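Enquirer: Make a model of the complete structure from these sequences and hints.
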Amino acid sequence: MLSTLDELRAAVGAVADPEIPVLTIDDLGILRGLEVERGRVTVTITPTYSGCPAMDVIADDVRQVLAEHGHPDAVVRTVLAPAWTTDWMSEAGKRKLTEYGIAPPSARSDSAVWLPSPVVRPRCPRCGSAETREISHFGSTACKSLWVCEACREPFDHFKAI
Amino acid sequence: MTALQSYTLRLGDDCLILSHRLAEWTTRAPELEEDVALANIALDLLGQARMLLSYAGSFDGRSEDDLAYLRDEREFVNCQLAELENGDFAHTIARLLCFSTYQLALYRRLTDSADATLAAVAAKGVKEVAYHRDHAEHWTRRLGDGTAESHRRMQAGLAAVWPYTHELFIPDDVEQRLPGIAVDPGSLRPEWESFIDGVLTGATLERPADDGWRPRGGRHGVHTEAMGFLLAEFQYLHRAHPGARW
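Taken in sequence, the protein lines are chains Z and B.
Every letter in the first sequence is one number past the one before it in my numbering, and letter 147, counting from 1, is 147.
Every letter in the second sequence is one number past the one before it in my numbering, and letter 25, counting from 1, is 25.
Label pairs and their calculated CB-CB ranges:
hint, chain 1, residue 1, chain 2, residue 2, range
1, B, Pro30, Z, Val75, 44 to 50 angstroms
2, B, Gly221, Z, Tyr100, 44 to 50 angstroms
3, B, Gly212, Z, Glu131, 50 to 56 angstroms
4, Z, Pro53, B, Glu233, 19 to 25 angstroms
5, Z, Glu150, B, Thr2, 51 to 57 angstroms
6, Z, Arg133, B, Arg28, 24 to 30 angstroms
7, B, Gly202, Z, Arg133, 20 to 26 angstroms
8, B, Tyr236, Z, Gly39, 43 to 49 angstroms
9, Z, Pro53, B, Gly87, 27 to 33 angstroms
10, B, Gly221, Z, Val75, 35 to 41 angstroms
11, Z, Gln64, B, Gly221, 39 to 45 angstroms
12, Z, Asp56, B, Tyr236, 21 to 27 angstroms
13, B, Ala116, Z, Glu150, 42 to 48 angstroms
None of these hints come from the bench; they were simulated from the model.
The model shown is predicted, which means the values in this text are computed figures rather than measured ones.
Note that beta-carbon positions come from the ideal geometry of N, C-alpha and C, so glycine has one too.
Expert: Written out as structure tokens, the structure is:
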């Protein structure tokens, strides 16, 4: 069974991130291209962080989806440039993150001097309070930092804006 | 070996060896959040190392694993600062502050490299390393401007790693043969000193006196006693079970 390019693109884009399974790779903005040349599919993805261990699993899942759509010889390419930014995350993705209990990345300032600490503190994904405090720059995965809500006292993850 | 391959290996080995040192803290850090933080920093560096070693290996048909696990000590070209034993937590933070300040300045410049792969790795890594430096800076202030005991140990950590920082800025013919591609390490020193001095002042710490002891040689495969022990642990499994997979 052969699928159209749009169907392939949709199927590949729906592959879930293994570490944050509510997000698809389309939501994350890490799917950078899908091309078919002489019947052979090449998918291009880009890592969120240099050491993101999810990339191998994502590449395997992409190949499996394509095999199910009649392309067992698909190639998954990883590109580094341009570097991924959270600005590529979809609005749907940000909404899903909040519902999942992770504060989504805020908009990034494109200043030449890039600073790790966010200018705008993320709102608590549970109670919505803006009274939040960062506990650590580093969280359960490379892409997240650890915060606590001063209103409801619950700790939460924040998807770092980079 | 071409100059570009040598240069890429130096960058990659720094990341790989420091990543291994930081990973040694896993389950041993002073608090849970710190365990997570050091593991994350190690993971970022490991990711950078993989990209750089894969690129370095592409010039002569070696894989990232060949370069990581099957080279001997004299073939590693990381700076000696990266391989030093962790020491106590303050030593580790002092090393991270010195190294990440250097690496951030380097990556910022390397994003303009005429070599597209090095520029891409740097552009990806620069944001990661900004977090590393910020983390080290916070701890340096907290320990330096903390209790008498934390101040004493932070100052001792700085003194221990300081002689090894000089090597970071020694230019040699590898960079000189790569104009527009490599960064002259000597040119990074003013920015490095200015940032470090600012942190030390804020942390009520003193810049260690330069007593003239400036060990060097890592870029040419000459390492400290710690390196052999590090590689023995790091490479053992791969060498004992060639091709092992799980």
